[in-house]
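Student: Let the hints inform the model, and build the full structure from the sequences given.
Here are the chains, one letter per residue:
There are 4 protein chains.
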Amino acid sequence: MKNAFHMNRARVETLVDGVFAIAMTILVLEVKVPDLADKRSVDELLSALGHHSYVIAAYFFSFAMLAVFWTWHHRMAETVRVFDKALLLCTIVFLSLICFFPFAAALFGRYPTNGAALFVYVMLTGLIVATQTIYFKIAMMRGLLLESVSRAYAMTGHVRNLRGCAIFMIASVPASLRLNEWVAIGVLVLGVIILWHAKRITTQARELGADPS
Amino acid sequence: MKNAFHMNRARVETLVDGVFAIAMTILVLEVKVPDLADKRSVDELLSALGHHSYVIAAYFFSFAMLAVFWTWHHRMAETVRVFDKALLLCTIVFLSLICFFPFAAALFGRYPTNGAALFVYVMLTGLIVATQTIYFKIAMMRGLLLESVSRAYAMTGHVRNLRGCAIFMIASVPASLRLNEWVAIGVLVLGVIILWHAKRITTQARELGADPS
Amino acid sequence: MKNAFHMNRARVETLVDGVFAIAMTILVLEVKVPDLADKRSVDELLSALGHHSYVIAAYFFSFAMLAVFWTWHHRMAETVRVFDKALLLCTIVFLSLICFFPFAAALFGRYPTNGAALFVYVMLTGLIVATQTIYFKIAMMRGLLLESVSRAYAMTGHVRNLRGCAIFMIASVPASLRLNEWVAIGVLVLGVIILWHAKRITTQARELGADPS
Amino acid sequence: MKNAFHMNRARVETLVDGVFAIAMTILVLEVKVPDLADKRSVDELLSALGHHSYVIAAYFFSFAMLAVFWTWHHRMAETVRVFDKALLLCTIVFLSLICFFPFAAALFGRYPTNGAALFVYVMLTGLIVATQTIYFKIAMMRGLLLESVSRAYAMTGHVRNLRGCAIFMIASVPASLRLNEWVAIGVLVLGVIILWHAKRITTQARELGADPS
Numbered sequence: 031m032k033n034a035f036h037m038n039r040a041r042v043e044t045l046v047d048g049v050f051a052i053a054m055t056i057l058v059l060e061v062k063v064p065d066l067a068d069k070r071s072v073d074e075l076l077s078a079l080g081h082h083s084y085v086i087a088a089y090f091f092s093f094a095m096l097a098v099f100w101t102w103h104h105r106m107a108e109t110v111r112v113f114d115k116a117l118l119l120c121t122i123v124f125l126s127l128i129c130f131f132p133f134a135a136a137l138f139g140r141y142p143t144n145g146a147a148l149f150v151y152v153m154l155t156g157l158i159v160a161t162q163t164i165y166f167k168i169a170m171m172r173g174l175l176l177e178s179v180s181r182a183y184a185m186t187g188h189v190r191n192l193r194g195c196a197i198f199m200i201a202s203v204p205a206s207l208r209l210n211e212w213v214a215i216g217v218l219v220l221g222v223i224i225l226w227h228a229k230r231i232t233t234q235a236r237e238l239g240a241d242p243s
Numbered sequence: 031m032k033n034a035f036h037m038n039r040a041r042v043e044t045l046v047d048g049v050f051a052i053a054m055t056i057l058v059l060e061v062k063v064p065d066l067a068d069k070r071s072v073d074e075l076l077s078a079l080g081h082h083s084y085v086i087a088a089y090f091f092s093f094a095m096l097a098v099f100w101t102w103h104h105r106m107a108e109t110v111r112v113f114d115k116a117l118l119l120c121t122i123v124f125l126s127l128i129c130f131f132p133f134a135a136a137l138f139g140r141y142p143t144n145g146a147a148l149f150v151y152v153m154l155t156g157l158i159v160a161t162q163t164i165y166f167k168i169a170m171m172r173g174l175l176l177e178s179v180s181r182a183y184a185m186t187g188h189v190r191n192l193r194g195c196a197i198f199m200i201a202s203v204p205a206s207l208r209l210n211e212w213v214a215i216g217v218l219v220l221g222v223i224i225l226w227h228a229k230r231i232t233t234q235a236r237e238l239g240a241d242p243s
Numbered sequence: 031m032k033n034a035f036h037m038n039r040a041r042v043e044t045l046v047d048g049v050f051a052i053a054m055t056i057l058v059l060e061v062k063v064p065d066l067a068d069k070r071s072v073d074e075l076l077s078a079l080g081h082h083s084y085v086i087a088a089y090f091f092s093f094a095m096l097a098v099f100w101t102w103h104h105r106m107a108e109t110v111r112v113f114d115k116a117l118l119l120c121t122i123v124f125l126s127l128i129c130f131f132p133f134a135a136a137l138f139g140r141y142p143t144n145g146a147a148l149f150v151y152v153m154l155t156g157l158i159v160a161t162q163t164i165y166f167k168i169a170m171m172r173g174l175l176l177e178s179v180s181r182a183y184a185m186t187g188h189v190r191n192l193r194g195c196a197i198f199m200i201a202s203v204p205a206s207l208r209l210n211e212w213v214a215i216g217v218l219v220l221g222v223i224i225l226w227h228a229k230r231i232t233t234q235a236r237e238l239g240a241d242p243s
Numbered sequence: 031m032k033n034a035f036h037m038n039r040a041r042v043e044t045l046v047d048g049v050f051a052i053a054m055t056i057l058v059l060e061v062k063v064p065d066l067a068d069k070r071s072v073d074e075l076l077s078a079l080g081h082h083s084y085v086i087a088a089y090f091f092s093f094a095m096l097a098v099f100w101t102w103h104h105r106m107a108e109t110v111r112v113f114d115k116a117l118l119l120c121t122i123v124f125l126s127l128i129c130f131f132p133f134a135a136a137l138f139g140r141y142p143t144n145g146a147a148l149f150v151y152v153m154l155t156g157l158i159v160a161t162q163t164i165y166f167k168i169a170m171m172r173g174l175l176l177e178s179v180s181r182a183y184a185m186t187g188h189v190r191n192l193r194g195c196a197i198f199m200i201a202s203v204p205a206s207l208r209l210n211e212w213v214a215i216g217v218l219v220l221g222v223i224i225l226w227h228a229k230r231i232t233t234q235a236r237e238l239g240a241d242p243s
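Chains as they are written, first to last, in my numbering: chain D, 31 to 243; chain F, 31 to 243; chain Y, 31 to 243; chain X, 31 to 243.
A hint or two may mislead.
No farther apart than 20 Å at their CA atoms in a straight line, the calculated lysine to aspartate or glutamate pairs in the EDC-like style are these [as the list claims (entries may be wrong)]:
#1 D:K62 to D:E74
#2 F:K115 to Y:E108
#3 Y:K115 to X:D114
For the record, the hints were derived by calculation from the structure and aren't laboratory data.
Tutor: The structure is reproduced here in structure tokens:
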């Protein structure tokens with residue numbers, strides 16, 4: 031209702047925390063209680079859980095991934111002063127991907143040996159990583175960061191995000207190969223371009239006096 | 031326990047945020063992991079996901095709808111100073127419709143070609159839009175807005191809400207036609223009446239000096 | 031880790047809001063998407079939803095119940111200064127009953143004509159109402175209320191809670207009759223005793239100058 | 031993006047509260063609505079609920095366990111000033127175990143007479159208790175506690191945590207015996223070692239003037 035659309039950070043962060051908390055908890059719904067022929071058999075239950083061990087490991091791995099995204103997001107969000115439309119849209123895209131994560135985790139946990147399930151999981155992770163990077167870039171370019179955050183400091187953060195993207199992409203080349211070689215080549219090329227772009231910004235940041243370690 | 035019932039805004043907003051976060055996350059539970067004959071077959075999983083593509087698109091669409099409602103609600107709630115019984119009741123009706131949204135989304139995702147499923151989805155959206163409009167009108171009429179919000183400013187907001195209602199109704203005429211022509215005519219007439227009502231308030235607001243763009 | 035156990039109210043209230051938000055949203059999981067023979071048939075879907083209409087009505091009714099409990103709880107919690115062990119325990123019992131509510135709602139929605147399902151629903155509601163009353167009594171007796179809350183004011187609140195309990199119990203006599211006549215008599219007697227107890231406190235409160243309307 | 035990684039406590043605690051609220055509510059999903067042959071039969075529903083009584087009791091027991099963990103966690107978290115990487119990691123491991131709790135509760139509720147299900151439940155509880163103890167030790171050793179918390183006071187808290195660990199382990203020996211005698215001996219020995227370690231710290235704390243009651 032204002033001409034300039036501005037949204038309170040606290041409001042957005044409460045939603046983000048809620049979505050993360052639920053996405054994390056929903057992961058466990060995929061770990062099903064096994065059906066036993068003999069309800070009292072210790073051996074049968076242990077072997078059923080043994081067959082489930084992959085799903086249980088996938089649960090803890092996916093939980094760790096969400097925790098990393100959550101930590102990363104909040105470290106960036108801490109430097110944001112206010113949300114405009116573009117940054118809010120970016121946050122919502124980010125949240126829709128986070129909410130979709132339990133599905134990708136369930137797919138991967140059910141079909142760990144299937145290249146397509148791995149690809150969906152890796153691609154979703156890549157999109158989340160990219161959204162985070164775009165999030166910070168939007169905040170930086172549109173002057174939405176706190177005034178206490180220096181330009182050199184922000185650029186250092188952006189370079190780290192870009193490097194994270196590139197490393198992620200290059201690391202996902204083997205997974206992409208299991209699906210299609212052209213996808214793998216595309217991912218590799220994109221990763222290298224981002225790495226080169228990060229290097230260029232690093233030079234600029236250095237001129238501004240930052241230490242992009 | 032007070033004669034004048036007043037409720038803290040922060041309290042209500044925490045519940046609203048929680049409900050939205052869960053409704054958003056529950057949407058993904060409708061995207062089911064497909065059953066595969068050959069667990070390692072990349073092609074089979076990809077084609078199964080292809081058949082699922084409608085459900086996945088519906089997930090992202092419904093997520094976007096909830097995000098729009100959430101943003102809209104909080105922009106209005108920001109101007110509210112305190113909750114009385116009527117406004118709290120309106121918020122609770124609003125929340126009960128939001129919690130019902132995942133069901134409508136699941137129904138529509140399962141039967142996209144069924145006119146009745148589309149109608150339930152559109153009708154629920156319409157009710158949510160109407161509840162939001164009523165919410166703001168209650169807050170405005172009962173003097174629950176912040177003192178910093180001018181009367182002209184509030185009326186401008188109300189006109190926008192009314193226009194949103196009308197546009198939504200007129201846009202839902204084609205969907206209504208798939209169910210029953212009399213429903214479609216009723217929706218169209220209602221939309222036009224609301225549009226005319228909005229125009230009348232615009233004139234009043236203009237006299238108070240607001241710019242209802 | 032302190033000798034005197036004291037817990038921050040904000041902490042507890044966040045948990046309460048979270049539990050309510052999830053319990054409200056989980057209610058809708060019981061409204062299942064119907065299976066259709068002809069996926070495109072509008073009539074079949076409408077008649078399937080018609081058969082579901084009881085479940086949908088039960089959803090909105092249970093949602094309203096939870097909303098009433100939530101409002102009631104927060105109106106009382108607003109007068110509390112700090113939580114000691116007894117009040118925290120009471121809150122946790124309250125929350126465990128609230129989390130159990132979706133099960134009772136699902137049971138009742140599935141078997142609306144079954145007296146036992148109705149009895150579970152009514153009994154759970156009664157326990158929640160009783161827990162709320164005990165909650166306020168504990169806060170009052172142990173001096174955990176805000177200092178701005180006068181003794182007469184607190185007693186008035188307590189009398190209202192007691193009356194709520196009694197009215198609820200007397201209203202649930204018909205439901206109890208469908209299960210067992212002795213249960214019904216017990217519930218009636220308990221209701222009358224509470225009503226008499228409330229009357230006695232009203233006299234005391236009046237001597238303290240309160241207006242227990 | 032800072033050289034020294036520090037995370038705001040409020041942020042972390044919101045996530046913790048969200049995860050606990052959802053884990054508590056998800057517990058009830060395991061209490062299934064029974065299928066009845068005669069939908070109107072009061073006796074059949076009561077006897078079906080009677081067969082369910084174990085699951086319902088397990089729900090309230092697991093709810094109480096989560097409530098105890100939540101209370102314990104917040105009492106410790108109240109003394110923490112800031113989160114560094116190690117403490118955040120410990121919190122995330124703690125949360126992943128809490129989210130896993132509904133699975134262990136469901137497993138135990140389904141197979142109460144199966145030693146392996148009991149063992150998973152007890153082992154998970156033990157890991158949660160251990161994580162809590164480690165959490166406080168990290169906060170204590172890395173100087174992350176509030177300055178108002180004295181060293182003697184912190185040590186007293188740590189001793190209580192250690193004793194809790196030891197008592198839990200010794201109490202779980204019978205459950206371990208149902209699985210394997212060597213596991214039981216290992217658990218017993220570990221419990222005794224922790225008890226001895228707690229005693230040693232008590233002596234140190236006493237020298238610092240604390241009263242480790």
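Student: For each hint, tell me whether it holds in the structure or not.
Tutor: Hints, verified against the model:
For the hint pairing K62 (chain D) with E74 (chain D), the CA-to-CA distance comes to about 15 Å; that is within 20 Å, so the pair holds. For the given pair, K115 (chain F) sits about 16 Å from E108 (chain Y) by alpha-carbon distance, which is consistent with the 20 Å threshold. Proximity of K115 (chain Y) to D114 (chain X) is assessed by CA-CA distance (about 31 Å); at most 20 Å being required, the pair is judged violated.
Hint 3 from the earlier list is the only one contradicted by this structure; the remaining hints agree with it.
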